[in-house]
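Guided by the hints, dock chains B and C onto chain A, whose structure is given.
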Amino acid sequence: MASASSVSSAPASSAPSAPPFRQRPWVRWALPLLLLVVLVVAPLVLSEGVNETLARIGVFAVAVLGLNVVMGYTGQVSLGQIFFLGVGAYVTAYGVQNDWNIVGVFALACLIPAVAGLLVALAAARLGGLAIAMVTIALPIVGVPLAKRLSEFTGGSQGLSARFAETPEWTGLYDDQWQLYVVLVIGGLVFVLTRALVRGKYGRAFAIVRGNENVASSMGISPYRYKVLAFTIASLIGGVSGFLYMLVIQYTSPETMSFGHSIELLAAMVIGGAGSIVGSLLGGAYYVLIPELTNQVDPNLTSLLQGAILLVVLFLLPGGLASLPRALTRGRRRTRVGRGPAATPSTPSSTTGSATAEPAPTERQGHA
Amino acid sequence: MNKQFRSRTARGIAVASALALTLTACGRGDEGGGGGSRGGSASPGITDDSVTLGITTPLSGATAGPGTCTVAGVKAYFGAKNAEGGVEFGDGKTRTVEIEALDDAYDPQQAKANYDQLKDDVFAMTAGLGTPTNRAWREAAIADEVPQVLVMTGDPLFSDPEESPWQLGFVPIYQNEGEAMGELLASSTGEHKVAILSQNDDFGEGYVEGFKSAIEGSDNIEIVNELTYEATDTSVDAQITELASSGADVFFNAMSVTPLMISALQKAQQVNWTPSWFLPSNTSSPGAILEPGGAAAYPGIYSVAFSKTPAAPAFADNEDVQTYLAALKEHGDYPDPPAFPHCQWSWMVGATLEQAFAEMTEPTRENFMEALRSIEGFEAPLMLPDTSVSTGEDGQPAVSTVVVQKYNGKGYDTVETFE
Amino acid sequence: MTLLELEGVTASYGPVQVLDGVSLSVPDNGAVGILGANGAGKTTTLRAISGTVKTGGRITFDGKDIRGLRPDQVAALGIAHVPEGRGTLGDLTVRENLRVGAYLRKDSKAIEQDIDYCLDLFPNLQERIRSNASALSGGEQQMLAVGRAIMSKPRLLLLDEASLGLAPSTAKNVYDAIRRLRVESGIAMVVVEQNANLAFTLVDSATVLEVGRNVLTGTSAELKGMDEIRRAYLGG
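Here the protein sequences line up with chains A, B and C, keeping their order. Numbered according to this note's numbering, the first sequence spans residues 37 to 404. Numbered according to this note's numbering, the second sequence spans residues -3 to 415. Numbered according to this note's numbering, the third sequence spans residues 290 to 525.
If we strip away everything but chain A, and leave its shape as in the complex, we get (with noise of 0.2 angstroms):
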């Protein structure tokens, strides 16, 4: 916690030149090694309660990622994520309840969903912009019937429990902390994994075919494949999200991917921050826990209070809640620059024209 009150202390004092923060070396990896202490370290220490919870943001951080792979870096339009995420989630509970392995049924629960995203997207893809968003709407509009009628492998409108993944004795652990490190591990594999792919050749061709997609054809990059690509990428982290889902909620039924879920995973999408990988963390965080929230203050007004809270959060930060830091340095650097000058007030507007033109170069610098 060292590191943190340096933090607060810098700007005042170091000079412009000094390198900043989170470019010096030692930041560099002692950032990282200090999170994965704390991740290693918290569920062995946090409640039960916070540990479930804990869990369940993991699970929704997932789904809103690879929501924002296809719709944050991608720029297309999908309302149905939470059918992949519904998919995998049968996967895995129909396997479980046959008594498959385990690590197979990850594989399918990864790969059934994939493959039904690549399908869709094959057809879908070659259709422009809104029309992709109507297909994806059908997802979970056909899903939850398809979900009541396969009853065979879907356990019909009752839905389907599966415990699993008991806690091996030898960790010692309770089960909220074995849940949250399988999730802690599945979920930081794939937050790391799609991290490289959306910063890496990819991530760039996924973002000249959000920007532009003629530019792109001239670029050479078939807006079609990356959209494809980005679909089917989309709909795997969803298949992970399933499984996990089963891992900590063990219980699925059709209601779990009924369409309002999903414009729910598209709002947390938003307000986490799209294109963002930290803000599919906080989409996650919201999804979980501004119901929790609500339901404290008053639980006759969850969906009032939950319609209020978005508008504030899109009001105040339209970017998203990954967009809180930028905006917190805008407005220090502005109050900062308003109140120097502030005893000769000859000369405000020029200031402040110049210091809010000046950010605009310094924001993009962690992007580049």
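Please keep in mind that the hints were generated in silico from the structure rather than gathered at the bench. No residue lacks a Cβ here, since even glycine has one placed at the ideal position from N, Cα and C. Incorrect hints may have been included.
The calculated SDA-like cross-link candidates involving lysine to any residue, where the alpha carbons are at most 20 angstroms apart (straight line), are [what the hints assert, rightly or not]:
(1) A:Lys237 / C:Ser397
(2) C:Lys442 / A:Tyr260
(3) C:Lys442 / C:Arg388
(4) C:Lys398 / A:Tyr260
(5) C:Lys395 / A:Ser258
(6) A:Lys237 / C:Asp403
(7) A:Lys237 / C:Ala365
(8) C:Lys343 / C:Asp309
(9) C:Lys395 / A:Ala169
(10) C:Lys343 / C:Gly297
(11) A:Lys237 / C:Leu393
(12) B:Lys406 / B:Glu355
(13) C:Lys343 / A:Gly236
(14) A:Lys237 / C:Lys442
(15) C:Lys461 / C:Arg471
(16) B:Lys189 / B:Gly243
(17) B:Lys189 / B:Glu238
(18) A:Lys237 / C:Arg388
Where chain A lies over chain C, by a calculated footprint (3+ residues, C-beta under 8 angstroms) [said to hold, decoys possible]:
(19) 351 to 361
(20) 376 to 384
(21) 387 to 397
Frame of chain A; chains B and C shown alone:
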């Protein structure tokens, strides 16, 4: 990545692991991880002067109407009791009963989250509506040994004490309703040909199963045709036409979709088929279904019930109903006349819980479950004559008796015989 | 050697025939202008080459038939299209936009050199290197669009109305830079331009289109000052 970095990382991980092991050893050893409520010490959620009950139920979304009722009834019941000083328990103490209700929006995931949040603070979970939303945390409740009782689902799983030792359903299971209808028909003196249409899921199957078990061995009843439809179908015209040609004089229609039920009532008239109908309790509303369906054209529309309807003129002056409506307004946060029977059912849940509390000799969840399972023939307020709460029967919910009622053009009257 | 050859190329948007047998020949290192009034089919000719419109006829590039290829396949052969309206990626900075141009290349060292070359060619971009493309002026965006096209190391550059909406002095700057590029790199070009005088500062020869057909083809010297040219630009 240079060598130094790697070795440092390794050292860091080693330190972290060591730390982790130490913490595991001393971490949360004393908490007991949920279930530990053995012996005479009090379970969570109960003190010498109060007990807290938890509810997770849909309070927003499409099922918010009945969901809100499931909270309002029991809240009103204990609100009125608390105002009188509380409820007397079998251990001689008088406790007030607090209700903590959370909204799950009919989302199983949210229901599980609500349960996780409530389980350490409440003595028992109760009254929540919905099959998937109750199933979502059933196994967790068993593992944690938290009572999940008198919940509003017709799913028989909750009434199987082998499978569900910490559960008990409240409302009749689908089989109960079908069975009551079958018994009435079997007791008829005439010969009847029956046509069956059922929803192709656990709902329809439950009804048909109950109905068939009741008419088994009755020589005067013959099933002449049996068809199904999917809950997602938008029309059952083809099935109605085919069933009409069977010449049946009794139509058992296990259908849970309101618009389909209305169109079925209309279609049968169009093809000049006018049998007597048996309808499930949740799709037999006089105002919402029978009137628009033109049910007056049929010789008889039969359904089942176990609670009085406050709106019915016959019960307007009933003392039970008066008390109930006043309490609902004052303590249940429900100022309007109840729009769903779930309000009445939830009120009965309150009365049933009070029965169990009166038998409890220890403030533990085990003892509560024992007391709850020992209720026999309790006529809860608002119950129709010939129905009662009995919790001791294996495989049956708390209310497994229903009476068959016949539509009289405005509402329903209880009938003893099929005419 | 002929690098690009169009013979009797046709194209239509729905029922509307836009190209009705256009021919064009671009030699290695050559630059050919396409002149004509609005709606004559200039832009569509470029789109026919880059594969963004369905076409009939014959289009060969470096001896290969490229008609019917997808835009990204055409681009991969070394044909870079700078579309009308620029089409920069507004969310990305100038440097990122330039890097995008080099997407298919793997020679990362040479990429950095080429970025420097672009910035040398368009000094205005150097000043705005960290700005978002959406914050650039019209002229700067045009420069960025050309720069991004260069970054793909094309053999043929398709330039569509590079002067559109620019102040005369800015337009001249842009064309001066492109001419320097042509001299220094030898990239072949097809240049669509409303402003004939500006076009003639860059191209060796040109063709005039009218309702989707070639009506006149010749060297710059031949065409300069001809009545038909004036007529074409007055829309007559």
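Pair hint Lys406 (chain B) and Glu355 (chain B), alpha-carbon separation not exceeding 20 angstroms: Violated: Lys406 (chain B) and Glu355 (chain B) sit about 41 angstroms apart, past 20 angstroms.
Coverage of the stretch 387 to 397 of chain C by chain A (three or more Cβ within 8 angstroms): Check passed, 5 qualifying residues.
Restraint status (C-alpha distance of Lys189 (chain B) to Gly243 (chain B) at most 20 angstroms): holds, 8 angstroms
Given pair status - Asp403 (chain C), Lys237 (chain A), alpha carbons within 20 angstroms: Since the Cα atoms of Lys237 (chain A) and Asp403 (chain C) sit roughly 19 angstroms apart, the hinted pair holds (cutoff 20 angstroms).
Restraint status (C-alpha distance of Lys442 (chain C) to Tyr260 (chain A) at most 20 angstroms): Outside the cut-off at roughly 24 angstroms; violated.
Restraint status (C-alpha distance of Lys343 (chain C) to Gly236 (chain A) at most 20 angstroms): violated, 33 angstroms
Pair hint Lys343 (chain C) and Asp309 (chain C), alpha-carbon separation not exceeding 20 angstroms: The hint holds at about 13 angstroms.
Pair hint outcome, Lys395 (chain C) versus Ser258 (chain A) [Cα-Cα no greater than 20 angstroms]: holds, 18 angstroms
Pair hint Lys398 (chain C) and Tyr260 (chain A), alpha-carbon separation not exceeding 20 angstroms: violated, 30 angstroms
Given pair status - Arg388 (chain C), Lys442 (chain C), alpha carbons within 20 angstroms: holds, 12 angstroms
Residues of the stretch 351 to 361 of chain C with Cβ under 8 angstroms from chain A, three needed, outcome: Our answer is that it holds, as 3 residues pass the Cβ test (under 8 angstroms) against chain A, meeting three.
Given hint Lys442 (chain C) paired with Lys237 (chain A) - CA-CA distance at most 20 angstroms: holds, 18 angstroms
When each numbered hint is compared with the structure, violations occur for hints 2, 4, 9, 12 and 13.
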